[in-house]
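Protein chains in written order, with our numbering: chain A, -18 to 88; chain B, 1346 to 1579.
Keep in mind that the hints were calculated from the coordinates and are not lab data. For each residue, glycine too, the CB sits at the ideal point set by N, CA and C. Check before you lean on any hint, since a few could be wrong.
As the list claims (entries may be wrong) - Sample of chain A residues at the chain B side, in silico, Cβ under 7 Å:
hint : residue
1    : 3
2    : 4
3    : 19
4    : 21
5    : 22
6    : 26
7    : 29
8    : 70
9    : 72
10   : 74
Claimed, not checked - Which residues of chain A face chain B? A few of them, derived with a C-beta cut under 10 Å, are:
hint : residue
11   : -12
12   : 20
13   : 28
14   : 31
15   : 48
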Amino acid sequence: VSVRAALDAAVLAVVAESDGYGYDVLRRLRGAGMTQVGDASVYGTLRRLYRSGALTTYVMPSDEGPHRRYYGVTDRGRRQLEEARNVWADFSRTLSTLLNTELEVTA
Amino acid sequence: MSGATTTPDEVGEYLGAVRAALDDLPAEERDDLLVEVEASIAEVAAESDSAVTARLGPPEEFAAELREAAGFRGASPQHAEPGSLRALTNRAALHPALRRIRSLANELAPIWWVARGYAAVGILGVWLQTGWAERNPFVPRFDDSAPLGVASVAPGVAASVAIGRRQLLSSIRQRPGWHETGSPSRTSTRTLETGRFCTTCCCTTRKARRSRWTEIRLKIQIAGLCEGKVAFFF
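Okay, chain B solo, but in the shape it has when bound (with noise of 0.2 Å):
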């Protein structure tokens, strides 16, 4: 093998690319499209040992060609030249250390869903003026009584969760390979198996088997959630 042989990681790179270059596209369209130039891009790698993105250009040029010929009008600013900003932000999302804070941020979603769900039920208190609780100025106090602040408050974090795990998971729809049946395509199997798509973790993923864990696992990957650790979303 030569050195212009193309590696995985260049490839979700480039794709990575050409999908922040989109990223105005409606969700389900630049999806097809995404797919449609994995496959493709697949099927180069694998007739020829030169480099397939040295074939295809510089990633934005290849997403400005493919959203022109998508009938996409509105080149948008990612048409951006090298160097400009837009054309940094792209870059810079894509960077390793971006991509271990944002996977970081994921991780801690929930933690954010609790202190907001708790942060509303306590701003609510304030907003009443009923203030905290005399003992504990950690509990809301609602109607002079502080068991009622802390009933009041569990509803509120449930609320808060509810609605960050709606968010979750209506954004793990959105991302390519995703399919409404529920269960992974194989191409998306492939996909997470070469990491490609996975830009906000850093695991790899273990051979799919046909098991509702793996499914679960499946999801959380495509979530950009790492190696089962939030499994509790779900």
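Bound conformation, chain A alone (with noise of 0.2 Å):
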């Protein structure tokens, strides 16, 4: 499990609870738990799912100021989310698992 595939994974379940735009995204993250995820990586994460097919995208005006550019999970873009949530429950069953051990074996 990468920090990019987890990061995707953390964007997918934001998007995926309400579509959202750029900033919102990243401040549901940040309203999340993961205050130290970057401002870049958010919006760099947004577009490189958008161009894989996960995202979707449209314009939708706001009182406040310019357009604003929502996204959206595709079907593909719930399949990937679905699938990170097996890996890491997995992957933390595992981990867990390993952790234990050890800790009983130093205890």
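Two chains, two frames, a set of hints: combine them into the complex.
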């Protein structure tokens, strides 16, 4: 599980919850506890996921300024998210087991 | 307002530096990234008083992170250490004096197109060893006929101008905020109003109205040409 894969999963999860524009996605990630994630990483990830067909985009007018470019999840993105869930569950289970074992040995 | 507040100029400079650092990416993808970043900077600026640029870190590092996350490898020579040649040229490109020179070069481009067309016909004349008209050394002589020379200069110049215009228009279409529908989006209008991407000219944009003339002027300003001086291109 790479950092990139983890960020992909996080961004997909946030957007799958409800569509959002770039800064909104960033804020929600931070709000969920990913405080150290960089602005540029999030915007770059959004564009890459869009390019790979996992996200779709549309423009919505905003009261406060220029139009906002919203991102939503495509079927492909949903499949990717589901896969990421499985991979992550597997990985965390494995790691938990490993760490617990180690702890028991040293204890 | 405190001194830390971000000015449109700072934002413009910051975006310019990020843009310069991503210069090797495909134009469309780079512009999409920049539109995303610009929109977000606007949001950050709207909700906090502190300097946006301080929050985002040095533009070169921001650009490197953006590039990496967007899946463009080959971290490129731009990755350069501060103080390296690449970093210097990136900075130099933003210097007001260089911007002015670039703007002047843009304005004088049509003169270059004409000269280039004329020179091409002249060189063709020399190559064909027809030389120049005896009475008027500025007119190439073809087939011993000065009028034929004049007549051949015209299409040469016309072709050269046509090529120049086409290149200019295609470079305009690659600028951020340009949309193929032909009308500037609201975003690009705002962008132009604050002069953000108008990196080659120093003029301020007047508020956009929905007239053909305004659209033409916006095109010119997106192209970095000033205040309708060169409207005859369009």
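Consistency of the hints with the structure:
With 7 Å as the threshold, the beta carbon of residue 3/A comes within range of chain B, its nearest partner Cβ sitting at about 5 Å, so the hint holds. The beta carbon of residue 4/A is positioned within 7 Å of a beta carbon in chain B (closest approach about 4 Å), and the interface hint is therefore held. Because the smallest distance between the Cβ of residue 19/A and any Cβ of chain B comes to about 5 Å, under 7 Å, the interface hint for this residue holds. Given the 7 Å rule on beta carbons, the hint for residue 21/A holds: about 4 Å separates it from the nearest Cβ of chain B.
The interface hint given for residue 22/A holds, since its Cβ lies 4 Å from the closest Cβ of chain B, which is under the 7 Å cut-off. Taking 7 Å as the C-beta cut-off, the interface hint given for residue 26/A holds, the closest approach to chain B being about 5 Å. Given hint, residue 29/A at the interface with chain B, holds; its Cβ is 4 Å from that chain's nearest Cβ, closer than 7 Å. For residue 70/A, the shortest C-beta to C-beta distance to chain B is roughly 24 Å, which exceeds 7 Å, and the interface hint is violated.
Below 7 Å, beta-carbon pairs count as interface contacts, and residue 72/A has none with chain B, the closest being about 21 Å; its hint is therefore violated. Interface hint at residue 74/A: violated, since its Cβ lies 28 Å from the closest Cβ of chain B, which is beyond the 7 Å cut-off. Here the hint on residue -12/A is kept, as its CB sits about 7 Å from the closest CB of chain B, short of 10 Å. The interface hint given for residue 20/A is met, as the beta carbon of that residue sits about 6 Å from the closest beta carbon of chain B, less than 10 Å.
Because the beta carbon of residue 28/A sits about 5 Å from the nearest beta carbon in chain B, less than 10 Å, this interface hint is met. For residue 31/A, the shortest C-beta to C-beta distance to chain B is roughly 8 Å, which falls under 10 Å, so the interface hint holds. Checking residue 48/A against chain B by beta carbon gives a least distance of about 6 Å; that is within 10 Å, so the hint holds.
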